[in-house]
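*Asks:* Please model the complete structure; the sequences and the hints are all you need to start from.
6 protein chains.
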Amino acid sequence: MRLQLLSWPEVESYLQRSRGVIVPIGSTEQHGPTGLLGTDALCAEGIALRVGEEAGALVAPTIGVGMAEHHMAFPGTVTLRPSTLVLVIRDVVQSLAWHGFERFLFINGHGGNLPTIKAAFYEIHAEARATRGAAAPDLRLKVMNWWDGQEVRNLGRELYGSRDGAHATASEIAVTRALFPDHIKTAPLDPPVAPSAAFHDSRHFRARHPDGRMGSDPSLATPEHGHRLIAAAVPALAAAYRSLLQEP
Amino acid sequence: MRLQLLSWPEVESYLQRSRGVIVPIGSTEQHGPTGLLGTDALCAEGIALRVGEEAGALVAPTIGVGMAEHHMAFPGTVTLRPSTLVLVIRDVVQSLAWHGFERFLFINGHGGNLPTIKAAFYEIHAEARATRGAAAPDLRLKVMNWWDGQEVRNLGRELYGSRDGAHATASEIAVTRALFPDHIKTAPLDPPVAPSAAFHDSRHFRARHPDGRMGSDPSLATPEHGHRLIAAAVPALAAAYRSLLQEP
Amino acid sequence: MRLQLLSWPEVESYLQRSRGVIVPIGSTEQHGPTGLLGTDALCAEGIALRVGEEAGALVAPTIGVGMAEHHMAFPGTVTLRPSTLVLVIRDVVQSLAWHGFERFLFINGHGGNLPTIKAAFYEIHAEARATRGAAAPDLRLKVMNWWDGQEVRNLGRELYGSRDGAHATASEIAVTRALFPDHIKTAPLDPPVAPSAAFHDSRHFRARHPDGRMGSDPSLATPEHGHRLIAAAVPALAAAYRSLLQEP
Amino acid sequence: MRLQLLSWPEVESYLQRSRGVIVPIGSTEQHGPTGLLGTDALCAEGIALRVGEEAGALVAPTIGVGMAEHHMAFPGTVTLRPSTLVLVIRDVVQSLAWHGFERFLFINGHGGNLPTIKAAFYEIHAEARATRGAAAPDLRLKVMNWWDGQEVRNLGRELYGSRDGAHATASEIAVTRALFPDHIKTAPLDPPVAPSAAFHDSRHFRARHPDGRMGSDPSLATPEHGHRLIAAAVPALAAAYRSLLQEP
Amino acid sequence: MRLQLLSWPEVESYLQRSRGVIVPIGSTEQHGPTGLLGTDALCAEGIALRVGEEAGALVAPTIGVGMAEHHMAFPGTVTLRPSTLVLVIRDVVQSLAWHGFERFLFINGHGGNLPTIKAAFYEIHAEARATRGAAAPDLRLKVMNWWDGQEVRNLGRELYGSRDGAHATASEIAVTRALFPDHIKTAPLDPPVAPSAAFHDSRHFRARHPDGRMGSDPSLATPEHGHRLIAAAVPALAAAYRSLLQEP
Amino acid sequence: MRLQLLSWPEVESYLQRSRGVIVPIGSTEQHGPTGLLGTDALCAEGIALRVGEEAGALVAPTIGVGMAEHHMAFPGTVTLRPSTLVLVIRDVVQSLAWHGFERFLFINGHGGNLPTIKAAFYEIHAEARATRGAAAPDLRLKVMNWWDGQEVRNLGRELYGSRDGAHATASEIAVTRALFPDHIKTAPLDPPVAPSAAFHDSRHFRARHPDGRMGSDPSLATPEHGHRLIAAAVPALAAAYRSLLQEP
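Same order as they appear, the protein sequences are chains A, B, C, D, E and F.
Numbered according to our numbering, the first sequence spans residues 1 to 248.
Numbered according to our numbering, the second sequence spans residues 1 to 248.
Numbered according to our numbering, the third sequence spans residues 1 to 248.
Numbered according to our numbering, the fourth sequence spans residues 1 to 248.
Numbered according to our numbering, the fifth sequence spans residues 1 to 248.
Numbered according to our numbering, the sixth sequence spans residues 1 to 248.
Not one of these hints is a red herring.
Restraint-style ranges between C-beta atoms, simulated for each label pair:
no.: 1; chain 1: B; residue 1: G133; chain 2: D; residue 2: Q150; range: 41 to 49 Å
no.: 2; chain 1: C; residue 1: P181; chain 2: D; residue 2: G111; range: 31 to 39 Å
no.: 3; chain 1: F; residue 1: D190; chain 2: A; residue 2: A239; range: 27 to 35 Å
no.: 4; chain 1: A; residue 1: P188; chain 2: D; residue 2: G100; range: 50 to 58 Å
no.: 5; chain 1: B; residue 1: S219; chain 2: C; residue 2: D190; range: 57 to 65 Å
no.: 6; chain 1: B; residue 1: G133; chain 2: C; residue 2: E54; range: 41 to 49 Å
no.: 7; chain 1: A; residue 1: S162; chain 2: F; residue 2: G133; range: 35 to 43 Å
no.: 8; chain 1: D; residue 1: A207; chain 2: C; residue 2: E158; range: 56 to 64 Å
no.: 9; chain 1: F; residue 1: E54; chain 2: C; residue 2: A134; range: 53 to 61 Å
no.: 10; chain 1: C; residue 1: R242; chain 2: F; residue 2: G133; range: 52 to 60 Å
no.: 11; chain 1: F; residue 1: P181; chain 2: E; residue 2: G56; range: 20 to 28 Å
no.: 12; chain 1: B; residue 1: R132; chain 2: A; residue 2: E158; range: 47 to 55 Å
no.: 13; chain 1: E; residue 1: A135; chain 2: B; residue 2: E158; range: 54 to 62 Å
no.: 14; chain 1: F; residue 1: P223; chain 2: E; residue 2: S13; range: 20 to 28 Å
For lysine to aspartate or glutamate, the following DMTMM-like pairs were computed, each having C-alpha atoms within a straight-line distance of at most 25 Å:
no.: 15; chain 1: D; residue 1: K185; chain 2: C; residue 2: E12
no.: 16; chain 1: F; residue 1: K185; chain 2: F; residue 2: E158
no.: 17; chain 1: A; residue 1: K185; chain 2: B; residue 2: E10
A partial selection of chain C residues facing chain E, derived with a Cβ cut-off under 10 Å:
no.: 18; residue: D91
no.: 19; residue: Q94
no.: 20; residue: W98
no.: 21; residue: E127
no.: 22; residue: T131
no.: 23; residue: R132
Rather than coming from a laboratory, the hints here were simulated on the basis of the structure.
Computed from a prediction, not measured in an experiment: that's the story for all the values here.
Heads up, the beta-carbon is just placed ideally off N, CA and C, and yes, glycines get one too.
*Replies:* In structure tokens form, the structure reads like this:
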């Protein structure tokens with residue numbers, strides 16, 4: 001159930017049976033010569049919608065632009081400052097909490113978002129305590145990457161071994177190829193497996209990863225892999241959502 | 001051309017021939033008993049993508065949550081504070097400007113966003129001047145509602161007369177019905193044409209517009225109307241985009 | 001009744017009979033070779049004080065520096081960033097609301113302020129909801145330009161036709177000449193009617209409007225016109241204020 | 001020379017001979033049963049304009065609402081949060097500095113503004129350094145209370161002795177009575193000399209100073225005193241302004 | 001009692017008998033060729049801990065980085081922007097107030113912090129009023145410099161006369177020499193008594209005070225003086241703390 | 001070398017041979033019935049100073065109050081909002097970078113700080129890019145927890161096995177007992193090994209961890225263990241610092 005495709009009375013009905021909601025969050029950032037700029041947003045959204053179906057959960061609008069400062073040396077990357085992303089997450093959570101939502105599972109498609117998401121959760125708790133005191137709503141805010149389940153990790157390893165990489169991974173490229181089979185791009189990848197190294201700012205990132213990939217060989221990625229990865233990811237996320245709902 | 005479906009080298013190539021970009025911006029807010037919560041975001045995105053095709057323009061990720069404070073008395077509405085939305089727009093523009101984009105057409109789906117969008121534009125100009133002085137980039141930031149062209153206004157009037165209304169309009173509902181024909185909702189609308197009155201905060205809005213509509217009768221909206229409205233809207237927006245590119 | 005010229009017990013008495021207040025808001029920005037930099041603030045204040053007399057309303061201190069970023073290429077212009085002006089409006093409203101004021105009519109002298117004023121109103125509503133919930137005060141915040149009434153528009157057209165213009169208008173210059181007859185400036189205006197064009201940042205504004213005027217011929221403005229314009233403006237604003245008080 | 005009553009070419013000319021400007025800053029806050037709410041703003045503005053005449057200095061728009069949190073238990077008081085006032089001062093200074101102003105004398109009418117004004121000055125210096133580095137303009141920002149000169153202090157003591165007090169002082173009430181002789185208010189003052197004590201928040205202030213005065217007997221204040229106080233204040237401020245201009 | 005060396009149950013017990021707390025606040029900034037960069041923080045902390053012992057008061061963690069913008073032309077200086085320091089003070093006070101602390105004595109080691117500290121106090125009061133209204137806690141926030149007592153001033157004058165100076169004073173250097181006898185530095189001081197002049201930004205400060213001192217001759221400072229100064233300072237501060245606790 | 005115990009000329013000399021600096025960062029938060037509230041700050045500072053000695057590195061002032069929102073249900077805890085901590089880290093880094101420091105190793109004592117620290121690093125990079133563009137300094141910002149080295153982890157496991165726990169760990173209590181042997185506290189721990197569970201806000205944390213510990217048995221901690229843990233931690237951190245300096 002995609003919130004944007006419901007009417008308000010439908011959400012009102014939903015709230016009578018559940019206080020849970022899923023929030024997809026991704027990024028719009030370079031993913032190497034063959035990866036889509038929207039990879040992280042599209043994977044998070046695509047998988048979150050399937051989790052929503054599986055778990056009967058409402059799926060809020062995707063936060064599609066995240067914290068991608070380190071990718072800004074590649075054209076097309078769009079980033080929010082961490083301080084802005086904190087406010088966006090705060091506003092989205094506070095809006096939904098106003099209507100009665102209390103259990104939030106953020107399904108994340110970009111590792112680089114995690115610190116800011118976690119900082120935002122405590123910003124929300126701190127602000128609630130400061131303004132409402134003991135009357136603050138009992139919010140349960142949780143974030144998982146779509147690849148956090150054991151099964152999806154195993155499958156990634158089985159399919160690509162170490163060539164899966166750390167950014168513009170074969171896995172995430174495969175998922176986008178499953179979701180957007182008409183937008184599969186090819187380009188020479190040289191070297192086939194990209195270098196991977198620690199980095200600091202965006203210039204440093206590009207100096208060390210000249211085509212944007214980190215440690216990956218996305219030429220291995222097929223739409224069929226993507227479907228399998230999605231199928232592997234959804235149950236773990238749905239289970240996590242159900243657990244979150246059932247927390248005492 | 002949807003930016004999220006391109007690779008970074010494709011954006012690099014694009015920038016060699018154009019400095020223009022389209023940014024869809026909408027809202028996620030109640031649209032009456034039969035309107036989709038995502039109406040404003042979905043219309044803006046759907047139409048912006050067609051404008052992009054028509055004008056050969058890149059389309060940035062949709063800003064799908066806008067300034068919907070006045071609709072917060074209806075469940076499902078999600079809002080950013082105006083101050084947050086200013087920062088989101090600033091960050092999106094500054095990101096794209098960093099890569100060399102200079103001409104921005106925001107295609108807007110929610111009248112309530114306009115003040116904040118315009119405030120954001122001057123926040124961006126002021127910050128550029130303060131930090132870069134005379135070296136600030138020459139940014140041209142323009143916003144149009146998707147219904148701003150004369151043709152689409154005429155068509156709305158022809159189809160619905162005064163029953164088009166001011167919120168949850170027949171026109172915008174028709175557009176979503178064209179774009180999402182599987183998500184057409186029906187519900188009794190009582191009275192058929194909703195009341196329309198000035199309002200202040202969200203409580204006041206709901207007191208005056210109990211089912212969320214303002215002055216509209218969306219039961220008139222058909223997918224076929226939607227297709228005609230889209231067809232009427234796109235040329236004017238594409239023309240405005242081309243004019244923006246050609247400004248000296 | 002100018003709030004700054006009352007004592008606190010007088011305001012206390014006032015509050016026992018009325019919850020309404022008028023807030024003049026203008027700008028300090030270039031108004032062409034012969035216009036006063038304070039035109040927008042002085043008109044707003046001068047007219048608001050007369051509306052206050054007519055309607056028995058308290059008039060708060062004038063917010064005399066507004067959002068004038070686009071005029072910054074002309075010396076003497078002073079601007080607040082939109083984000084700052086939002087906070088100023090928020091603080092002024094929250095201060096007065098703390099004492100019990102609930103109905104606010106902002107009388108505005110600068111079109112460029114409107115987006116930020118409207119954004120500020122929703123920032124205030126959002127913050128009240130977030131911190132007070134259902135106990136938030138029932139604030140009614142309304143803004144009108146001093147020239148919004150039909151009569152003043154008619155008179156402007158009658159006096160100047162299209163030579164009234166869009167910035168440094170003959171009308172507003174006339175009002176300042178009525179209010180400050182000792183500060184009438186003359187200078188050659190070349191061309192007599194200034195060009196008028198869309199603009200973006202402050203450099204762009206000046207490139208298109210070299211002496212600061214937009215479409216106007218302020219040489220037509222006389223003090224006597226100014227008095228007539230004020231007389232035409234006040235009743236409509238006073239009526240709007242009374243309506244705001246009487247809103248259920 | 002009041003900036004708001006000049007045209008932009010006049011300011012342009014002024015800048016060719018001087019980089020100095022005076023900024024009046026006050027407050028809108030209770031001043032006891034007989035004092036004007038605008039006392040601090042009106043005194044600062046009235047005296048600053050005379051200093052401007054004496055010293056040939058431009059006088060910027062008055063910042064008429066200041067930091068008056070501690071007076072908020074009395075109706076009519078309007079306050080900016082310190083954090084807002086910092087931004088207002090920053091924006092005003094940055095606007096004028098953009099045009100070439102470098103020497104700023106703030107003439108202050110409210111002791112409670114001083115910490116925030118001084119904090120703002122360093123916020124401005126810090127931001128300039130952060131964004132411009134060695135190219136930051138050489139801004140000289142100075143604040144004086146209108147009563148800081150020795151002569152005005154002597155006169156206050158001569159006229160009122162210890163009955164001058166610390167808030168709603170006889171001196172400042174006298175100045176407003178000179179400036180606004182038509183707005184002299186009378187009310188029983190009981191006790192004649194108000195108590196004066198340290199205070200914390202606004203509730204505490206009112207508990208200790210039930211009618212708003214601190215240590216003063218403003219019944220002594222006459223318009224004639226006010227004229228003498230103004231005459232005593234102006235030369236010291238004008239001298240300070242000239243010194244600021246002449247600083248190497 | 002240093003809060004950082006207690007357990008939470010010990011703080012819980014303390015709160016059953018007292019609502020008071022001492023907060024040391026200093027700065028990390030150049031103190032001339034022989035002064036420690038941490039002088040202001042170390043003095044404030046060292047003296048506050050002794051005041052805590054004397055008065056049986058809890059001592060919160062030291063805020064060791066303050067507002068030192070004007071010293072930034074000397075390496076090693078660390079500064080918070082005033083706006084940041086306001087938030088730090090707000091957060092520390094709100095945290096402790098959440099647990100029930102109500103009487104706060106800030107013991108300050110850096111004159112340059114005072115405006116920002118005082119601005120912060122009113123930011124806290126304003127925010128409490130805005131979010132809690134009449135239910136806001138009754139916070140009593142007071143700041144004293146460690147040298148504010150008459151006895152310590154007398155001793156400084158007795159020991160150094162006018163050679164004590166205004167920054168990198170002989171007194172504060174002496175205190176650090178008493179507290180950190182292993183870190184006494186020597187360097188030629190030329191001239192022996194440093195110049196002292198008003199200053200604006202950090203470049204201006206250094207131009208006027210080339211080695212960082214203002215008006216002082218810290219070569220006079222001995223550890224033994226430091227012990228006497230500490231002994232002179234503590235009773236006045238402890239008395240002030242006790243008075244703050246006893247305020248009705 | 002503790003920066004606060006150096007003079008500015010000593011820092012100037014240091015900068016001629018090194019661009020590196022260590023920043024200890026901790027928290028002031030409950031650590032169970034027997035742990036010090038300052039545990040995280042004291043461990044970070046104590047170990048960072050030893051790393052500084054070992055590596056010849058300057059050690060900046062400790063950021064002793066961190067992000068401890070989740071511990072706020074226990075008295076004595078002090079927290080910064082994540083948004084405030086971001087600004088503190090930004091200001092400290094920008095101050096030191098202004099003097100020429102480029103390689104920053106944050107030695108962290110509180111896992112809960114990590115998201116905010118990492119968000120702050122990108123806030124700094126983003127702001128540098130926005131204001132300085134290609135001229136932004138080449139900052140290398142790295143954070144390590146003091147327990148991140150393999151040796152210290154092995155030792156913790158050897159000493160305590162699973163009884164080390166997740167908060168108020170035996171390891172960190174042991175370190176404070178080595179550093180502050182006069183402040184060893186005893187109290188009944190019931191159960192001996194505390195429960196450990198995921199948590200959300202501060203109320204939830206306390207409900208699940210009634211005495212504040214998570215999974216730990218700090219009764220096992222001895223000063224001698226602490227000395228061994230420190231000795232195990234320092235080399236890995238010093239090596240990481242040296243690597244950071246040598247990065248190309």
